[in-house]
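Number of protein chains: 2
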Amino acid sequence: MTHHTTDHTHDMNATSWVESANGHPDFPVQNLPFGVFSTDGEDARGGVAIGDYVLDLRNVLDGDLIEDDRDLLHYASFATLNDFFAMPGGPSELRAKLFAALTDESYKAAMEVCLVPMADVQMHLPFQIHDYTDFYTGIHHAVNIGSLFRPDNPLLPNYKHVPIGYHGRSSSICVSGTDVKRPTGQQKPAEEGGTPEFGPSKRLDYELEMAIWVGQGNDLGDPIPVGEAEQHIAGISILNDWSARDIQAWEYQPLGPFLAKNFASTVSPWVVTMDALAPFRTAQPARAEGDPEPLPYLQHDMSHAAFGIQMEVLITTPKMREAGAEPHRLSHGPMTAMYWTAAQLIAHHSVGGCNMQPGDLLGTGTLTSGEDGGEGSLIELTEGGKKTISLPNGEERKFLEDGDEVIMRAYAEKDGYARIGMGECRATIVG
Amino acid sequence: MTHHTTDHTHDMNATSWVESANGHPDFPVQNLPFGVFSTDGEDARGGVAIGDYVLDLRNVLDGDLIEDDRDLLHYASFATLNDFFAMPGGPSELRAKLFAALTDESYKAAMEVCLVPMADVQMHLPFQIHDYTDFYTGIHHAVNIGSLFRPDNPLLPNYKHVPIGYHGRSSSICVSGTDVKRPTGQQKPAEEGGTPEFGPSKRLDYELEMAIWVGQGNDLGDPIPVGEAEQHIAGISILNDWSARDIQAWEYQPLGPFLAKNFASTVSPWVVTMDALAPFRTAQPARAEGDPEPLPYLQHDMSHAAFGIQMEVLITTPKMREAGAEPHRLSHGPMTAMYWTAAQLIAHHSVGGCNMQPGDLLGTGTLTSGEDGGEGSLIELTEGGKKTISLPNGEERKFLEDGDEVIMRAYAEKDGYARIGMGECRATIVG
Numbered sequence: 001m002t003h004h005t006t007d008h009t010h011d012m013n014a015t016s017w018v019e020s021a022n023g024h025p026d027f028p029v030q031n032l033p034f035g036v037f038s039t040d041g042e043d044a045r046g047g048v049a050i051g052d053y054v055l056d057l058r059n060v061l062d063g064d065l066i067e068d069d070r071d072l073l074h075y076a077s078f079a080t081l082n083d084f085f086a087m088p089g090g091p092s093e094l095r096a097k098l099f100a101a102l103t104d105e106s107y108k109a110a111m112e113v114c115l116v117p118m119a120d121v122q123m124h125l126p127f128q129i130h131d132y133t134d135f136y137t138g139i140h141h142a143v144n145i146g147s148l149f150r151p152d153n154p155l156l157p158n159y160k161h162v163p164i165g166y167h168g169r170s171s172s173i174c175v176s177g178t179d180v181k182r183p184t185g186q187q188k189p190a191e192e193g194g195t196p197e198f199g200p201s202k203r204l205d206y207e208l209e210m211a212i213w214v215g216q217g218n219d220l221g222d223p224i225p226v227g228e229a230e231q232h233i234a235g236i237s238i239l240n241d242w243s244a245r246d247i248q249a250w251e252y253q254p255l256g257p258f259l260a261k262n263f264a265s266t267v268s269p270w271v272v273t274m275d276a277l278a279p280f281r282t283a284q285p286a287r288a289e290g291d292p293e294p295l296p297y298l299q300h301d302m303s304h305a306a307f308g309i310q311m312e313v314l315i316t317t318p319k320m321r322e323a324g325a326e327p328h329r330l331s332h333g334p335m336t337a338m339y340w341t342a343a344q345l346i347a348h349h350s351v352g353g354c355n356m357q358p359g360d361l362l363g364t365g366t367l368t369s370g371e372d373g374g375e376g377s378l379i380e381l382t383e384g385g386k387k388t389i390s391l392p393n394g395e396e397r398k399f400l401e402d403g404d405e406v407i408m409r410a411y412a413e414k415d416g417y418a419r420i421g422m423g424e425c426r427a428t429i430v431g
Numbered sequence: 001m002t003h004h005t006t007d008h009t010h011d012m013n014a015t016s017w018v019e020s021a022n023g024h025p026d027f028p029v030q031n032l033p034f035g036v037f038s039t040d041g042e043d044a045r046g047g048v049a050i051g052d053y054v055l056d057l058r059n060v061l062d063g064d065l066i067e068d069d070r071d072l073l074h075y076a077s078f079a080t081l082n083d084f085f086a087m088p089g090g091p092s093e094l095r096a097k098l099f100a101a102l103t104d105e106s107y108k109a110a111m112e113v114c115l116v117p118m119a120d121v122q123m124h125l126p127f128q129i130h131d132y133t134d135f136y137t138g139i140h141h142a143v144n145i146g147s148l149f150r151p152d153n154p155l156l157p158n159y160k161h162v163p164i165g166y167h168g169r170s171s172s173i174c175v176s177g178t179d180v181k182r183p184t185g186q187q188k189p190a191e192e193g194g195t196p197e198f199g200p201s202k203r204l205d206y207e208l209e210m211a212i213w214v215g216q217g218n219d220l221g222d223p224i225p226v227g228e229a230e231q232h233i234a235g236i237s238i239l240n241d242w243s244a245r246d247i248q249a250w251e252y253q254p255l256g257p258f259l260a261k262n263f264a265s266t267v268s269p270w271v272v273t274m275d276a277l278a279p280f281r282t283a284q285p286a287r288a289e290g291d292p293e294p295l296p297y298l299q300h301d302m303s304h305a306a307f308g309i310q311m312e313v314l315i316t317t318p319k320m321r322e323a324g325a326e327p328h329r330l331s332h333g334p335m336t337a338m339y340w341t342a343a344q345l346i347a348h349h350s351v352g353g354c355n356m357q358p359g360d361l362l363g364t365g366t367l368t369s370g371e372d373g374g375e376g377s378l379i380e381l382t383e384g385g386k387k388t389i390s391l392p393n394g395e396e397r398k399f400l401e402d403g404d405e406v407i408m409r410a411y412a413e414k415d416g417y418a419r420i421g422m423g424e425c426r427a428t429i430v431g
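Taken in order, these protein sequences are the chains called P and V.
Heads up: the first sequence begins at 1 in the UniProt record's numbering, then just goes up one per residue.
Heads up: the second sequence begins at 1 in the UniProt record's numbering, then just goes up one per residue.
Source of the hints: derived by calculation from the structure; they are not laboratory data.
Please note that the accuracy of each hint is not assured.
Identical copies look the same in the list; a pair holds intra-copy or inter-copy alike.
What the hints assert, rightly or not - Cut-off 25 angstroms, straight-line C-alpha distance, at most; resulting in silico cross-link-like pairs (SDA-like, lysine to any residue):
(1) K160 x G177
(2) K386 x H304
(3) K414 x P154
(4) K202 x D415
(5) K398 x E191
(6) K97 x D402
(7) K181 x D222
(8) K386 x S92
(9) K160 x F149
(10) K181 x D291
(11) K319 x E112
(12) K160 x A249
(13) K398 x T178
(14) K398 x T5
(15) K202 x Q128
(16) K188 x Q253
(17) K319 x G394
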């Protein structure tokens, strides 16, 4: 099946005996994302989000509650999902079986003991992440940032030919909910030729990105053709690629960002599968009239190559939380702001022979919509720190302050289908 | 003990009952580097190089041949050495015990059955490498490369303040002896604004580097002070950071090298420990009169902060091998060409809170000596491909051709001490 073919698991009229799932904004029975969780005193293990609950797959396995002749539940209940998502067709098959069980009342009596309230679980990273690559596919972001760092040539000549990316740090990727410590480091001297400043970053920023997880890998020296690339995607989550702009400005020449990005990246815990996203696949819109044709290794059918996912980023400050205020939305926009498709990213990443492994994380780069209110980072919203953002309670921000919590959300909706969501990616800055 | 204190294990008069070890250029009993090996049909396991043999640590463990109340042999005999090198003091203690056994004739009868001829083993990567960072500490290399890419400002203003580095790709790191497939990719258009070329790299290069392995890690948010940084180093190997110069020139702006570097990196298999290197520690010489003082977090006692290691790179072509010719040395130089010390690299890497993990690999960056014949890459030797190198048999090279084998060697020697070596880092280019 191609990844935009819909089937009975996308039927908007399907309902579950898990009642909180019906009409749930993120986790109706049409979604069924995989993740890793633990409860007090228990080992981490695989689960599936359904309504306000996590379905404990180890308990489903131990109870022999569904037919499973491929040992899918065995792998899906591990403390990391690398082996499970490396199984060709495995996640699709298990999602379909769980859909059948969760929509069939006759399973309720045996299976409802496997439901753990989401409020009671601790989520973990879904994969052991071997390598993390961050791309730069948000063309509006690239133009905005380029204008700040290089006013004379914001979009470099290679941008519309090469999916620009760089290797990131995998050890410091944290699951949503983990506090982020403000990094200390060298910052650009105030005067040309001066001594750099050193101290806690004064220009700490978020970046609104999506995370693309690699499922099946490839051997070293054996590139993944663009037409097969989607078979190597496990699913999608939300990614906040925190950035210390003052550290970045000083260190990034000539080899790219390093300490400005490696103190933390935060990812949402649920892997929303390509199957769940099938109804929301859409044409890749970012290429403009007159743009160069991609080289042949990047050419593929783009009629359903993009993801119709909406993203938003919100903030709460300590004062807002004290006053019980709602989070304030800073910006929002679509994932279709990507100039390159997910398939193109994988084809490009491997074209020189680089081997991808299950659990590799590919960041899209900051996705800025190109419209007012669609800026995916504070450096764009404040035009490099020159403008101030006013919050509803009168507080002002240029960059993040200690105690600020950044919340990212993403979801897909379309007439005729149940809305599905990725959940949240959130973290608080600590000093 | 500090890492430059010598003891009885450095006594040049010590000899082993493994006779090939005595006077061995790389692996006398004063070295005892750790590695991971396998023989036909057997699992990979830990071993120690001694003369022309590998001492099979699993057999030493199974035979209960040395006293080991800390389970050191248990961890050292795993298929990766991550857990072993994470044990505080563990590698030092085991090296001392093995030194005692290998220099004591009374152990010979029981232990010699644990020796496997090096010619019969397959070596493996010594660690599961979680993250790979490549630095840019070779100041002469930085000036040479900078002159090619940016003739107007070869050494950027940050170079003498910030240990410049970037995250590399860990999945494609191979152990010495693994063929390297020439990468295919986009190359800079011949004319400004033109369409990039696409095909196998025509400017494939090696980079002569040393690998610094992380032993004990640190927690996220908890930087490693420069004065404690050496305690986090497991040891040293040789690294060839292959580079496709035509791909690099096109893709590297603005986020650094990506596909130009991620098709393969080759590392030598033996981890030469900080203990073995103690006699060869020397002053850090690269800082020149008038250079800026390092910021306080990078200041430490540099009187023994560098490694007195000599490196060389050699080539054989298919025709040379057919004719039985010796490898031809292309360049040689000292590891002291590093502008920053190993301790400074670790302190810098973690100063913003980044967590290092056992088995992380830090490349020094290409080490060029600054003297003729000391260029650590072909792009320097050929001045960006403008000059031709003549080999002794009349063949010529600008960059590497299919079938070329690149061999790197490194060793430390000093009056009054036995010479020790890292062995070889070699690989052949295949089309």
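Hint-by-hint comparison with the structure:
1. K160 x G177: neither (36 angstroms within a copy, 38 angstroms between copies)
2. K386 x H304: neither (39 angstroms within a copy, 47 angstroms between copies)
3. K414 x P154: Result: close neither inside a copy nor across copies, 35 angstroms intra and 53 angstroms inter.
4. K202 x D415: For K202 and D415, the Cα distance exceeds 25 angstroms both inside one copy (44 angstroms) and across copies (52 angstroms).
5. K398 x E191: Answer is within: at 22 angstroms inside a copy they meet the 25 angstroms cutoff, but 42 angstroms across does not.
6. K97 x D402: The answer is neither: 45 angstroms in one copy and 50 angstroms across copies each exceed 25 angstroms.
7. K181 x D222: Between copies only: 10 angstroms across, 40 angstroms inside.
8. K386 x S92: neither (48 angstroms within a copy, 54 angstroms between copies)
9. K160 x F149: both (19 angstroms within a copy, 21 angstroms between copies)
10. K181 x D291: neither (41 angstroms within a copy, 32 angstroms between copies)
11. K319 x E112: neither (40 angstroms within a copy, 71 angstroms between copies)
12. K160 x A249: both (24 angstroms within a copy, 16 angstroms between copies)
13. K398 x T178: Answer is within; shortest intra-copy Cα gap is 23 angstroms, inter-copy 51 angstroms.
14. K398 x T5: neither (44 angstroms within a copy, 51 angstroms between copies)
15. K202 x Q128: Neither: 32 angstroms inside a copy, 36 angstroms across copies.
16. K188 x Q253: both (12 angstroms within a copy, 20 angstroms between copies)
17. K319 x G394: within (10 angstroms within a copy, 76 angstroms between copies)
Violated hints for the displayed structure, listed by number in ascending order: 1, 2, 3, 4, 6, 8, 10, 11, 14 and 15.
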